[in-house]
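Sequence lines, in order, name chains Z and X. All the letters of the first sequence, read from the start, carry residue numbers 1 to 498 under my numbering. All the letters of the second sequence, read from the start, carry residue numbers 1 to 498 under my numbering.
Simulated from the structure, these hints should not be mistaken for lab results. For clarity, every value in this text was computed on a predicted model and none was experimentally measured. Among the clues, some could well be false.
Note that the list lumps identical chains together, so a pair holds whenever it fits in one copy or between two copies.
Cross-link-like lysine to any residue pairs, in silico, SDA-like; alpha carbons within 25 Å at most [what the hints assert, rightly or not]:
(1) Lys332 to Arg471
(2) Lys8 to Ile44
(3) Lys130 to Arg471
(4) Lys382 to Glu328
(5) Lys8 to Ser49
(6) Lys8 to Val39
(7) Lys8 to Ala102
(8) Lys489 to Asn380
(9) Lys8 to Ala228
(10) Lys130 to Asp433
(11) Lys122 to Arg166
There are 2 protein chains.
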Amino acid sequence: MTSIDELKTLLGVVSDLNAANGLLSWEQETMMPPAAARVRGLQIATLASVAHEKFTSERIEQLLAALEGANPGGDDAALVRATRRDYDRATKLPVEFVEERARTQNEAHHAWIEARAKSDFKTFAPYLAKMFDLARRYADFVGYEAHPYDALLDDYEPGARAEEIRRVFGQLREETLPLLRAIVAAGDATDYDVLTRDFPIDLQRTFALEVARDFGLDPEFSRLDVSAHPFQTNFSRDDIRITSRFDARYFPMSLFGTWHETGHAMYERGVSAAFERTPLSSGASLGVHESQSRLFENLVGRSRAFWEVYFPRFQELFPEQLADQTGESIYKAVNRVQPSLIRVEADEVTYNFHIMLRFELELDLLEGRLAVADLPEAWNAKMAEYLGVTSPNDADGVLQDIHWSSGLIGYFPTYSLGNLLSVQLLEAAKSADSAVAEGLRAGRFAPLLSWLRENVHRFGRSLLPREITERATGKPLEAGAYVQYLKSKYADIYGLNS
Amino acid sequence: MTSIDELKTLLGVVSDLNAANGLLSWEQETMMPPAAARVRGLQIATLASVAHEKFTSERIEQLLAALEGANPGGDDAALVRATRRDYDRATKLPVEFVEERARTQNEAHHAWIEARAKSDFKTFAPYLAKMFDLARRYADFVGYEAHPYDALLDDYEPGARAEEIRRVFGQLREETLPLLRAIVAAGDATDYDVLTRDFPIDLQRTFALEVARDFGLDPEFSRLDVSAHPFQTNFSRDDIRITSRFDARYFPMSLFGTWHETGHAMYERGVSAAFERTPLSSGASLGVHESQSRLFENLVGRSRAFWEVYFPRFQELFPEQLADQTGESIYKAVNRVQPSLIRVEADEVTYNFHIMLRFELELDLLEGRLAVADLPEAWNAKMAEYLGVTSPNDADGVLQDIHWSSGLIGYFPTYSLGNLLSVQLLEAAKSADSAVAEGLRAGRFAPLLSWLRENVHRFGRSLLPREITERATGKPLEAGAYVQYLKSKYADIYGLNS
């Protein structure tokens with residue numbers, strides 16, 4: 001057996017253990033009887049620990065060193081590079097630190113649940129301080145060039161830099177804040193009553209899934225189930241799961257949730273089969289992943305063309321609820337812009353402000369410019385500045401997201417990076433192949449999917465997000481295309497073209 | 001950490017890996033998208049291999065040796081004993097033999113599928129010869145005192161001996177063959193039309209599950225799903241899965257299948273929580289397991305008292321299908337005795353003959369008294385002798401079961417051991433507590449379940465099947481109680497009391 005074959009064999013074992021653990025987790029959210037939770041937690045911890053032990057073996061270090069010396073080409077080089085990245089990250093942390101972090105995360109998570117229920121930031125504050133302290137120490141262990149935030153970012157968006165994000169977000173803020181203010185000033189006479197009519201859940205599922213099938217999600221390799229929070233996971237590219245949630249009195253939740261996860265699913269499905277059971281076999285980053293989910297959810301699913309094509313079928317399933325509606329009226333209803341407190345309920349125009357706010361506060365906390373005790377005040381000041389709303393309580397303000405309590409610091413920006421990239425990619429696809437835009441006007445998504453597979457999906461983790469972006473769009477990531485998309489779409493919807 | 005704690009920690013890892021693998025397998029049969037099968041197979045093989053590696057570690061051998069020297073008492077002694085059994089079995093086989101066996105099993109399984117489809121035993125014969133050769137070599141590796149068959153049996157029924165089984169089966173055959181002949185001679189004027197009426201599947205599920213809940217199967221720790229072949233599996237005693245299959249035109253399949261698996265489930269649920277994540281945490285043997293499934297399926301579910309109590313609810317769900325029926329008529333219909341070719345479709349009277357036949361042929365093949373080439377002839381001769389039927393083809397004869405092609409030799413007797421034990425246990429429970437029989441007459445199963453938990457379930461693998469049988473019933477396993485049960489039940493149904 002050659003070194004590369006031996007490495008692949010050892011990585012295959014790690015991949016299988018991680019896949020099994022993925023199934024334990026997916027099943028916990030979708031199928032598992034409630035009493036099983038306690039032991040399931042132990043099982044998940046064991047699988048993670050055995051996978052870590054197998055991945056950080058000395059033999060893998062030896063093989064990596066030998067292969068790096070031999071300068072392999074092509075996919076093998078990419079595999080060695082990605083494995084080295086993961087290996088170094090997995091082995092740079094002292095065992096005591098990993099244990100302290102796991103313990104603190106667990107405590108912080110429980111403290112957050114309690115603090116949120118009581119809407120009392122003060123009881124969570126000491127845990128949040130510890131989480132930021134751990135993040136600083138983590139950054140020191142794994143190392144960074146310019147800013148400790150880069151070390152955190154790198155787990156979610158390999159190669160990204162805080163400085164770049166600050167610049168891109170600055171441009172985005174500068175260009176979309178006036179747009180948002182103009183929309184709010186224009187007022188809104190639309191009647192949104194249709195959004196809260198009674199849409200039976202089984203028929204919502206039928207419609208959501210028919211569209212997902214049209215996007216390319218085949219039951220041959222996928223399933224849709226229900227969970228409290230929608231997610232995508234997969235145990236191989238032939239074994240992809242998405243979940244959604246359903247509210248009979250708010251159909252957008254299930255539809256856009258399903259199409260969002262379908263975007264993630266199509267990405268994982270499109271990764272080259274040659275990368276099976278290796279660290280290359282998944283999306284390049286959270287940001288690139290989010291570009292795919294947002295593309296199908298928003299750029300396709302919230303487009304005028306989509307609702308022109310799909311409204312007749314939607315109306316066929318819900319004739320009474322939609323008797324007074326048209327494709328155009330649904331298009332407007334599902335694109336309502338409304339500054340609000342909650343990130344996960346935000347529309348395309350306001351969403352990124354929720355992210356910028358979190359990114360800026362993370363930097364301030366990490367650099368020590370902001371004390372944890374002063375966070376709620378800083379949060380509310382930025383909400384007022386960006387969105388003109390202030391939270392009456394901590395639960396709907398600074399305590400709304402699970403991320404910080406789980407140690408996910410440096411994660412939030414990837415949501416907006418995904419938004420920006422989604423438009424940049426769709427523009428590139430349309431320029432490259434006229435069949436893409438023609439297809440979108442006719443409800444045929446194969447040309448779009450085919451371009452995405454060729455230019456994004458198939459690379460898996462063999463390229464960095466920056467490399468994928470530049471190869472696919474000819475440019476680094478920037479805010480321009482997204483700003484242009486928002487301006488043109490919402491000036492039209494809100495009659496701002498005066 | 002003491003030695004016993006360290007042993008439990010190491011065994012906990014193995015248990016978690018096996019539980020994860022159990023989930024991979026359950027999910028493959030119930031939920032998995034079809035294209036996922038190939039990689040799922042690799043994942044299952046990896047988990048089995050990592051679990052084997054962890055279980056056969058030198059450290060476990062050291063800990064076992066130390067603990068054996070220290071003579072621990074109670075549950076710890078049982079844990080050491082069971083772990084030693086498993087450890088020795090897992091380490092006595094040379095790696096080359098394990099690999100050869102896995103390869104041959106895989107080939108034999110595919111050959112069996114093909115041979116069965118073509119109903120051509122000849123193409124399967126060479127593989128079956130190899131499987132029996134491997135079984136003989138396996139017995140030599142693991143060792144035995146009296147008969148190589150004992151070494152095979154021991155995997156499924158620890159401590160059982162071929163000689164004992166031969167004796168018990170002899171008694172069973174001698175006493176039930178005349179009964180079967182009398183039933184056949186008496187003729188049968190019953191109209192079985194109700195069995196093949198249209199019973200919508202969702203209502204079958206409702207009824208099957210309502211009864212299973214009454215038996216004690218709580219959704220808090222269990223699920224019922226659909227699979228091609230019904231089975232029970234669990235990933236902890238808090239996480240139990242049963243499956244069933246449904247035929248709208250044959251309701252007994254789903255009802256008795258569900259209750260059978262519920263019996264298995266109640267057993268696993270009843271194992272002492274103190275044995276969690278150790279080798280003691282499952283049923284004592286296949287035979288004891290089958291006693292629990294048959295007890296709920298047959299002794300309860302096919303009893304007159306059961307149908308008297310449950311018929312009104314059954315009729316409420318299926319008013320048209322059951323308009324001309326009574327509890328008594330359903331009781332008679334689901335207890336139809338009919339000699340037939342297929343083991344899995346056999347009734348209580350004929351079932352054990354299918355098993356005796358297989359047991360006898362396994363012994364003959366293992367001892368070399370019968371050549372594989374002559375097996376179909378021997379099979380047909382025994383079928384004619386015991387059941388008075390002969391198979392027109394190999395598919396419905398010697399090729400009907402999956403077991404031999406999968407290397408499961410020495411497995412069949414456990415089905416009949418379970419039948420015998422089920423009656424012996426129910427008689428003991430009734431003698432011990434009058435509330436058991438009263439409960440069965442009123443559709444209250446708590447007294448029965450409570451006795452089974454106290455006398456069978458809670459011990460898990462901490463006692464041998466023989467020990468459980470003798471403690472619970474005051475006697476070794478014997479055919480007498482079962483024979484008496486059959487005679488009394490079927491003489492009444494078929495009017496033989498003249």
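Evaluation of the provided hints:
{"no.": "1", "hint": "Lys332 to Arg471", "verdict": "neither (35 Å within a copy, 75 Å between copies)"}
{"no.": "2", "hint": "Lys8 to Ile44", "verdict": "both (24 Å within a copy, 17 Å between copies)"}
{"no.": "3", "hint": "Lys130 to Arg471", "verdict": "neither (40 Å within a copy, 57 Å between copies)"}
{"no.": "4", "hint": "Lys382 to Glu328", "verdict": "neither (34 Å within a copy, 76 Å between copies)"}
{"no.": "5", "hint": "Lys8 to Ser49", "verdict": "both (20 Å within a copy, 17 Å between copies)"}
{"no.": "6", "hint": "Lys8 to Val39", "verdict": "between (32 Å within a copy, 15 Å between copies)"}
{"no.": "7", "hint": "Lys8 to Ala102", "verdict": "between (29 Å within a copy, 23 Å between copies)"}
{"no.": "8", "hint": "Lys489 to Asn380", "verdict": "neither (29 Å within a copy, 78 Å between copies)"}
{"no.": "9", "hint": "Lys8 to Ala228", "verdict": "neither (36 Å within a copy, 35 Å between copies)"}
{"no.": "10", "hint": "Lys130 to Asp433", "verdict": "neither (51 Å within a copy, 60 Å between copies)"}
{"no.": "11", "hint": "Lys122 to Arg166", "verdict": "neither (29 Å within a copy, 74 Å between copies)"}
Violated hints for the displayed structure, listed by number in ascending order: 1, 3, 4, 8, 9, 10, 11.
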